[in-house]
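Peer 1: These are the residues of each chain, in order.
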Amino acid sequence: MPPKRMTANPVKPSRYRPGKALAEEHSSDSESGEEEDDETLKRIPEPSRTTAAPPKAASFPSSTISTNLKKVDLNERRKEAAAKEVARLEQEAQAKAREEEGFETESSAASTKSDSGSTESEAESEEESSSEDETPQPKLLRPVFLKKGQRQTSIAAANAKSEVEAYAEAEARRKEKMDALVQEQLEKDAAAKAAGKKAWDDDDEGLAEEIDDTDGIDAEAERAAWRLRELKRVKREREAIELAEKELEEVERRKNLTPAEREAEDREYIEKQKAEREGRGQMGFMQKYHHRGAFFQDDDVAQELAKRDIVGARFVDDPMNRDTLPQYMQIRDMTKLGKKGGTKYRDLKSEDTGRWGELGDRRGPRESGYGVDERFRPDRDRERTGANAGPLGERKRDWDTPGGQQDMRESKRQKT
Amino acid sequence: MAHQADSKRMLDNRGYSGRTLHSGNPAALLEKAVLDRIVESYYWKEQCFGLNEATLCDRAAELTCIGGTFGVAQKPTPFLCLLLKLLQLVPERDVVLCYLRQPDFKYLTALAAFYVRLAWEPKDVYATLEPLLADCRKLRRRTREAFAMGYVDQFVDDLLTKERVCATSLQKLPRRRDLEDLDVLEPRVSPLGEELEEIDEDVSPAEED
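Chains as they are written, first to last, in our numbering: chain A, 102 to 517; chain B, 6 to 214.
Calculated from the structure, these hints are not laboratory results. Any given hint might turn out to be false.
Unchecked claim - Quick partial rundown of chain B residues pointing at chain A, CB under 10 Å, derived from the structure:
| # | residue |
| --- | --- |
| 1 | L102 |
| 2 | L144 |
| 3 | R146 |
| 4 | R147 |
| 5 | D162 |
| 6 | V170 |
| 7 | S174 |
| 8 | Q176 |
| 9 | P179 |
| 10 | R180 |
| 11 | R193 |
| 12 | L197 |
| 13 | L201 |
Note that the Cβ used here is the ideal one computed from N, Cα and C, for glycine as well.
Bound conformation, chain B alone (with noise of 0.2 Å):
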């Protein structure tokens, strides 16, 4: 189909005939409310329309901050909105892993990381979002009344484990023992290897005695 420049297709759930993600509409990966915060907002209306995946990007690079609703309106974020965005384009495997390495906007990183726990596979997410858990860039996170610190590997943490972030909650991810014990994942060698060998060495000579 060709691009669709407004959400009509994606907002109005009857007939949903676009691209879907888990057999269903994309946007009902939101919730109901959070989904009408978004769409009412002055930047979902002014800078989202009509965006596709190269656009997508100039927007994602004056990104900020991340983070879901605040204020006493539940206001959204613009990370909230581009993710909408993503749900609504749904771009190919290729773009969110080209989103995902490119090393210069960190947000955009973020947003693509967010988008893959929410749309792909379990077994496609841990291969996925694994190496972002040795990214220590520092990102602002935007919570209810104030922001906040954050880091890469601790949003791609809480993703992976937590069951609500950023206004949204997640599906639910099978842990990665019982994909390691189906054979579908490998175990996870951790970017610290060698410091945690040598950390048991230490501790279980000391055992010994």
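Isolated chain A, as found in the complex (with noise of 0.2 Å):
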């Protein structure tokens, strides 16, 4: 790993600051290695610390991972966890052991260390003793500085070294304990699959079981309900052959009859729509328009509900005659009664300037000249009043002169 910052010049201890967890920046790769895994808080539990693994997915049901699975014994793993706990506690006892006896040249010497890595597992040799063993705290002597002859780091460094490995050790039954977890979770998964034949993947598994698919539970069930479905469809096949021949008929029949005769028959058609259509209700004035749609026109619950009369139907307190409403409340979609930007616009047979049927006479500027107010009107037909009052002059008509137009200019520049 390149160094933190890119200097050549030595590297200074990192202080000490309340709150913040040292920083490493040694390159000692065992010891950085191990240090970042304190640091951090989660860890991905792996298959096992020999070998690559093949990736856990549920998806793969390869043989060899569920062949292993079955050889694994989870009480012989409870076993040996359970013993390594007490290697693990004896070892941590001599430790401490260890610990106490050389703590007060330890603690001398601690404050002038630059070998950060062994002030970090010190401190939590300090923090393990202390909350793991309720044993009476060493005791701790005010630091006192020793020159680099004077300072036994053998001991500490032997001692540094047992800490790391009492982490180590720690550290290894996490690990354990995670897998065993795993291994729990797979094997479970793998009864399931063995016992269920568990659908890929699938997250709906309860659901699916609901409807059971398997055939032979009642064999005489099935075939009568097999024989209703084959029967519903000899019918729609029959009928749908009987249909074709019924239009067949009837345009064979019309073929035959005279066109007087035709025409008799699509009006009494056209009659008995128009009645149809007259029975429903009518549109009332300025009634919404809704729209029957123009998809699932196939759904039978759909044309049920089409043929209701929507267009007749009126509530209790449906008006009959607009009229009698105030204008702000003549509006065609109620709901928007009272609602921003529904004032002006009424519909739009009120609102239309357009004069629609006015055939009357027309011919431009008279028409313009009389059927409005004064002071829309041209001026020719206004009330003539100063300058304006008597008539004007005719203008010279001298433009067949050469230079006509310019000496005429001239002239009348010459007065000024």
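Dock chain one against chain two, each of which comes alone in its own frame, and use the hints as you go.
Peer 2: Here it is in structure tokens:
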């Protein structure tokens, strides 16, 4: 791992800042690796520590994993784990004893440590001793500075190492626990698969199992149901054939009639349709129109609903005559009553300014001069006052003289 | 061509040169939206990679339901994924008939029936699928929100009559009547043949009265 700062300067010891974890800056691989582990809160459990195992996808129905799982005996594992736990506790006790012996020299050298790894492990050993065991705290002496020659680093190093080992074992223990948990889970999954034929990655297994698709439960009932379905299919086919035949008959019949008879029949049909339409209610003045929609035409339920008479239906408070309402309430869509933006526009007819159906005299200018308010009449038709009172003289029509226009202009100029 | 494990050739329509169905890329029989859902699903990516006609049977043996897409995200069922695999493989006629007629795995039968309806000519479709109308085994159907009960004969009937089954729109099949008129097929004799005649006999004396 490259150093944090790309300088060649010697690394300064990291200071203790209360409340902050000590940062690691030296590159000792094993220690830094383990300390990284210490600092991470979550850890991904690995299936085995020796070889890279295949990924644990529930989807792979690989036989090797399942057979290996079957070989796993949880009881054995638990015994092993317990034995290891006991061994670890013993070792920890030993380590503690060693620690307590050498504590005073360690503490005296603590303040000047550049080896930050051991300080961290010391700090943790202090934590361990205080939290896990309830033995009385060892005597804490005031830290005294010792020169390099005076320090007894070997003992400290040995103790540090033992601390590191103890920590490694704690790590190992935790990893094993996680492994055991994962093994249990996998075993459960395998058992479920073997027993229940669990569908691939299916979370809705419960829902699926409600519909039982095993055959042969009640052969007679199944056969009877099938017979019913087959009969329905045959019936459907026959009805389709009959319909086609009827149509052909009808076409034949109409061909054989005379045109007059055909017209008579058509008229009858149209009358019948009109009667149907009149049977339904009328759309009231400015009533809102609801289109039935173009989809779901094949749906039988939808067809039943389509036969309803929506347009002619009246509810209790429906005003038959909308004129009786104040103009503010004379709107098509009563749901928009009182809402913003629905104030002025009533309906197309009342807002339209065209004069539809007026096919009277249409002779341009005269029209404009008479039917309109006095203000909008053209100027010619008004009362003439002041300078407009008398008629204007004729303009001199002398355009034919050579340079005629220019002469006129110049003559006018000379006057001024 | 050698067996292609991945589906790159089928999915990229430019310059498709494999086996065609209805004179086009077989994947064109499914809609683009559904095709995208299938190809992005985990089942397709993990289980349907590199399948051939034989290993497809293993997958089909594990099927537990038929259906199209389900859920809010339109997740495809394994059934639909295997159908796309069949469309990619375009198996031989014998192989498909073998799938249809084996008695052990009804979901494989259903899958083959679906493939036949999509891929083969109308005459062959009718000829092959009508025997299945006598099969009364139960199938589990997966609808958009839940599961439902279905039967093999009902599924085949839907394939022959409906326009949209299992998230695919089926090509229009000419009516059986039209094919009979063209003398391509013979009129269908229902498996209930004898019973029907009996019913008719019962009805007609009553009508005469």
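Peer 1: So, against the hints stated earlier in the document, which numbers end up violated here?
Peer 2: Violated: hints 1, 6, 7, 8 and 9.
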